[in-house]
Amino acid sequence: MSNALWIAVLAAALGTLLMRLIPLLWMQRRLKRLGDDAPEAMPQWLSLLGPLMVAAVFGVSLVPVTAGPLAWLATIIGMIATLAVWWRTRTLGWPVAAGIATYGVVVTLFG
Amino acid sequence: MNLQAATSPARPWLSGMREAIPLLGGYVPVAISFGLVATQAGFNAWEAVIISTLFYAGASQFLFVGMIAAGSPLWLVVAMTLLINLRHVVYAPNLAPWLTSSRWWGWLMHTLTDQVFALAHARLPQLPEAQRLGWFTGAALLAWAIWVGGTALGALAGGKLVARWALMGEILPFALPALFLVLVAPRFTSRRWSLALSVTIASSLLLTLLGLTNAAIPLAAICGMLCFQVVKFDTAMQGDHHE
Numbered sequence: 007m008s009n010a011l012w013i014a015v016l017a018a019a020l021g022t023l024l025m026r027l028i029p030l031l032w033m034q035r036r037l038k039r040l041g042d043d044a045p046e047a048m049p050q051w052l053s054l055l056g057p058l059m060v061a062a063v064f065g066v067s068l069v070p071v072t073a074g075p076l077a078w079l080a081t082i083i084g085m086i087a088t089l090a091v092w093w094r095t096r097t098l099g100w101p102v103a104a105g106i107a108t109y110g111v112v113v114t115l116f117g
Numbered sequence: 023m024n025l026q027a028a029t030s031p032a033r034p035w036l037s038g039m040r041e042a043i044p045l046l047g048g049y050v051p052v053a054i055s056f057g058l059v060a061t062q063a064g065f066n067a068w069e070a071v072i073i074s075t076l077f078y079a080g081a082s083q084f085l086f087v088g089m090i091a092a093g094s095p096l097w098l099v100v101a102m103t104l105l106i107n108l109r110h111v112v113y114a115p116n117l118a119p120w121l122t123s124s125r126w127w128g129w130l131m132h133t134l135t136d137q138v139f140a141l142a143h144a145r146l147p148q149l150p151e152a153q154r155l156g157w158f159t160g161a162a163l164l165a166w167a168i169w170v171g172g173t174a175l176g177a178l179a180g181g182k183l184v185a186r187w188a189l190m191g192e193i194l195p196f197a198l199p200a201l202f203l204v205l206v207a208p209r210f211t212s213r214r215w216s217l218a219l220s221v222t223i224a225s226s227l228l229l230t231l232l233g234l235t236n237a238a239i240p241l242a243a244i245c246g247m248l249c250f251q252v253v254k255f256d257t258a259m260q261g262d263h264h265e
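Residue numbers (the numbering used here), protein chains in the order written: chain A, 7 to 117; chain B, 23 to 265.
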């Protein structure tokens, strides 16, 4: 890589780090100023945006790597299996494992 | 909400690593793909690994090497990379109430990707304060190491791996939507939240299908927030606003 390209890599990496770090420092100062009642000290729009960003990431991840009727069918059945196991166990790992296994079975059987 | 996996009080970092394992199903194939794409774009294996180590932001890395390969001006490459990563600004403040006073948190913010945020946002509030730093360190560093390792693997042997394990590359990424479903499901606590979350999920899915993958996350979240603010159910107003 040329020197200019290295500088571009470093600039983009540093900018990304600052976008992750500076809001934390801002929020920590705000929490310190407003006292210990931490969750209530968060601006309402920000507390809404957190769960909604996770939901948005979920929506993006739903689109299969190789889009097609079979992949969509496997996604739907895999989601149902994941949800069913989560409903019963309320754990993190087992529903994911069940979802992957179900997705894999559908893709393998009908593929 | 209770996603409580048994967290070992003595080794919270181990619990963090264990709970981050579902992330790997999504990270490994994408990291291998990035390593492969980067070498095809003219970067060598070391350069691809350094980019993954320093950026650690999937979509923007693909954009970066793609634009460099296409001969775009460097200032534009940097600007577009940062624009895609702009959504990260809301992640850390959402975790801040549950972070302890350790100075390590600042450095650990480098590892705050979409997926690590989603996991930490669900788990940190459930953990005792003394375990949070260890848990986050274990989860985040495992995910980072896998991303960097996957890039190296992709750069060195990506072509062979993709040809040989094509089906696994198709199945493993399902770990990500499955994990996110488990993280999102407990938040359907009221009609108001359910509607806002459903609108967000549908919007991001639609925007992604329309090819707007990078804009989908912030735009869909804004749609959901507007929905939450505008639509209010008469019978369920009290206690409707909670996490």
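Quick caveat, the hints were computed from the structure, so don't treat them as lab data.
These numbers come from a predicted model, not from an experiment.
Just so you know, not all the hints are guaranteed correct.
Claimed, not checked - The following label-pair restraints were derived from C-beta to C-beta distances:
no., chain 1, residue 1, chain 2, residue 2, range
1, A, L79, B, S94, 11 to 21 Å
2, B, P95, A, F116, 19 to 29 Å
3, A, I82, B, W187, 16 to 26 Å
4, A, T114, B, G181, 21 to 31 Å
5, B, S124, A, V111, 25 to 35 Å
6, B, V252, A, I13, 44 to 54 Å
7, B, G181, A, A73, 16 to 26 Å
Stated by the list, open to error - A few chain A residues facing chain B, derived, Cβ under 7 Å:
no., residue
8, S8
9, G41
10, L98
Just so you know, even glycine gets a beta-carbon here, dropped at the ideal spot from N, CA and C.
Hints not upheld, ascending by number = Structure breaks hints 1, 2, 5, 8, 9.
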